[in-house]
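Visitor: Following the hints, put chain V in place on chain H, whose structure we already have.
Protein sequences, first through last, are from chains H and V.
Quick note on numbering: numbering that gives the first Met the number 0 labels position 91 of the first sequence as 90, and the sequence is numbered without any gaps.
Quick note on numbering: numbering that gives the first Met the number 0 labels position 93 of the second sequence as 92, and the sequence is numbered without any gaps.
Careful: at least some of the hints might be erroneous.
Identical copies look the same in the list; a pair holds intra-copy or inter-copy alike.
With a cut-off of at most 20 Å between alpha-carbon atoms, the simulated SDA-like pairs for lysine to any residue come out as follows [said to hold, decoys possible]:
hint: 1; residue 1: Lys84; residue 2: Thr24
hint: 2; residue 1: Lys84; residue 2: Arg119
hint: 3; residue 1: Lys98; residue 2: Gly38
hint: 4; residue 1: Lys71; residue 2: Gly38
hint: 5; residue 1: Lys67; residue 2: Leu88
hint: 6; residue 1: Lys124; residue 2: Asp86
hint: 7; residue 1: Lys124; residue 2: Gly147
hint: 8; residue 1: Lys84; residue 2: Tyr27
hint: 9; residue 1: Lys71; residue 2: Thr37
hint: 10; residue 1: Lys67; residue 2: Gly38
hint: 11; residue 1: Lys98; residue 2: Pro35
hint: 12; residue 1: Lys122; residue 2: Pro82
hint: 13; residue 1: Lys122; residue 2: Gly83
hint: 14; residue 1: Lys122; residue 2: Asp86
hint: 15; residue 1: Lys122; residue 2: Ala89
hint: 16; residue 1: Lys67; residue 2: Gly149
hint: 17; residue 1: Lys84; residue 2: Ala26
hint: 18; residue 1: Lys67; residue 2: Leu46
None of these hints come from the bench; they were simulated from the model.
Values in this document were obtained by computation on a predicted structure and should not be read as measured data.
Number of protein chains: 2
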Amino acid sequence: MNDKPSVIRETDEDARNQSRILVHTSAYAALAVIDPETGYPSVSRVLTATDDDGTPIILVSALASHTKALLKDARASALFGEPGKGDPLAHPRLSLRCKAERVDRDGDAHGRIRTLFLERHPKAKLYIDFPDFSFFRLVPLDASLNGGFGRAYILSAQDFAIL
Amino acid sequence: MNDKPSVIRETDEDARNQSRILVHTSAYAALAVIDPETGYPSVSRVLTATDDDGTPIILVSALASHTKALLKDARASALFGEPGKGDPLAHPRLSLRCKAERVDRDGDAHGRIRTLFLERHPKAKLYIDFPDFSFFRLVPLDASLNGGFGRAYILSAQDFAIL
Chain H
0 MNDKPSVIRE TDEDARNQSR ILVHTSAYAA LAVIDPETGY PSVSRVLTAT
50 DDDGTPIILV SALASHTKAL LKDARASALF GEPGKGDPLA HPRLSLRCKA
100 ERVDRDGDAH GRIRTLFLER HPKAKLYIDF PDFSFFRLVP LDASLNGGFG
150 RAYILSAQDF AIL
Chain V
0 MNDKPSVIRE TDEDARNQSR ILVHTSAYAA LAVIDPETGY PSVSRVLTAT
50 DDDGTPIILV SALASHTKAL LKDARASALF GEPGKGDPLA HPRLSLRCKA
100 ERVDRDGDAH GRIRTLFLER HPKAKLYIDF PDFSFFRLVP LDASLNGGFG
150 RAYILSAQDF AIL
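Okay, chain H solo, but in the shape it has when bound (with noise of 0.2 Å):
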């Protein structure tokens, strides 16, 4: 994403506010990581909150292929922002690319984080404290926002951090 072909447009306030929303309010988003066995993108869905910096969290199982992929390759994407209806490449999204860091369940951010996750996903109570689950931070190295068509803009870190 270093090159910035004529389409990508200079990344403004309202740029940056709809990418910010964009994160805090999608219930779930398409994860890819990179598969250690095949080295193949593996792409599946997550739930996703956010934590107070802006940085996304998501949720999930030591049980599942994404989880072990992270694991041994912190290097992720994922993509934000639910179509509705009509033409599905209307509706805005980001792709965010990030890095994963598994929270530790005995560090000083897991009381903040399972409390942010509860917020925004109130049945997750069920298997939150599940000992296979896990919470992981997606810090944001840069992004990717298409707000429809020829709406394309390319963000830094900072561009949707709250700071």
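Guide: Chain V in isolation, oriented as in the chain H frame:
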């Protein structure tokens, strides 16, 4: 996806049918590729249709980063299945591992694929013939079906091909 933990159920005709239906009724998918510049996975939204042998089809622009990635590295993954109301993880979805093959515009298959794509996406006629747009066939290698909590299956390419 070669290991088969105990949470994976035996693939049966119901699982095969559910997988085919997910591919055949999806208007879009989350496509994961490997970004040749960074080596990171990258996930974005694409419109989909299905070729007459059951192979998923996508229509993408040469200006988009996923297309540049696929032209350098054909390894891909696509997530099918749209979440409806309620818990996003209660809705079935299919993670397909696939190899993307560009469809030659002058080849025999192009006309057939163009017709099939327009059947699912009539409004794509506005840009389907633009010179920067191409079809790719996402040739299946294997797939993971999640039919909801605890309903996980591994499928071979044959399991959801139309033979």
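Visitor: Look at each hint and say if it fits the structure.
Guide: A quick look at each hint next to the structure:
For the homomeric pair Lys84 and Thr24, the shortest alpha-carbon distances inside one copy (17 Å) and between copies (15 Å) are both at most 20 Å. With identical chains, the CA atoms of Lys84 and Arg119 are at most 20 Å apart between copies only, with a shortest distance of 15 Å across copies and 23 Å within one. For a Cα distance limit of 20 Å, the shortest separation of Lys98 from Gly38 qualifies both inside one copy, at 17 Å, and across copies, at 12 Å. In this homomeric assembly, Lys71 and Gly38 come within 20 Å of each other (Cα to Cα) both inside a single copy, at 12 Å, and across copies, at 15 Å.
Proximity of Lys67 to Leu88 under the C-alpha cut-off of 20 Å is restricted to the inter-copy arrangement: shortest distance 19 Å between copies versus 31 Å within a copy. Taking the closest pair of Cα atoms, Lys124 and Asp86 come within 20 Å of each other only across two copies (13 Å); inside a single copy the shortest separation is 35 Å, beyond that limit. Proximity of Lys124 to Gly147 under the C-alpha cut-off of 20 Å is restricted to the inter-copy arrangement: shortest distance 17 Å between copies versus 36 Å within a copy. Taking the closest pair of Cα atoms, Lys84 and Tyr27 come within 20 Å of each other both inside a single copy (18 Å) and across two copies (12 Å).
Taking the shortest alpha-carbon separations for Lys71 and Thr37, both the intra-copy value of 13 Å and the inter-copy value of 17 Å come in at or below 20 Å. For a Cα distance limit of 20 Å, the shortest separation of Lys67 from Gly38 qualifies both inside one copy, at 13 Å, and across copies, at 18 Å. In this assembly of identical chains, the alpha carbons of Lys98 and Pro35 lie at most 20 Å apart whether taken from the same copy (16 Å) or from different copies (17 Å). In this assembly of identical chains, the alpha carbons of Lys122 and Pro82 lie at most 20 Å apart only when taken from different copies (16 Å versus 23 Å within one copy).
Taking the shortest Cα distances, Lys122 and Gly83 sit within 20 Å of each other only across copies (16 Å), while inside one copy they are farther apart (23 Å). Within a single copy, Lys122 and Asp86 get their C-alpha atoms only as close as 31 Å, which misses the 20 Å cut-off; across copies the closest is 8 Å, which meets it. Only between protomers do Lys122 and Ala89 lie at most 20 Å apart by alpha-carbon distance; the minimum there is 12 Å, versus 31 Å within a single protomer. Proximity of Lys67 and Gly149 under a CA criterion of 20 Å is satisfied inter-copy only: 17 Å between copies versus 37 Å inside one chain copy.
In this assembly of identical chains, the alpha carbons of Lys84 and Ala26 lie at most 20 Å apart whether taken from the same copy (17 Å) or from different copies (11 Å). Within a single copy, Lys67 and Leu46 get their C-alpha atoms as close as 17 Å, which meets the 20 Å cut-off; across copies the closest is 29 Å, which misses it.
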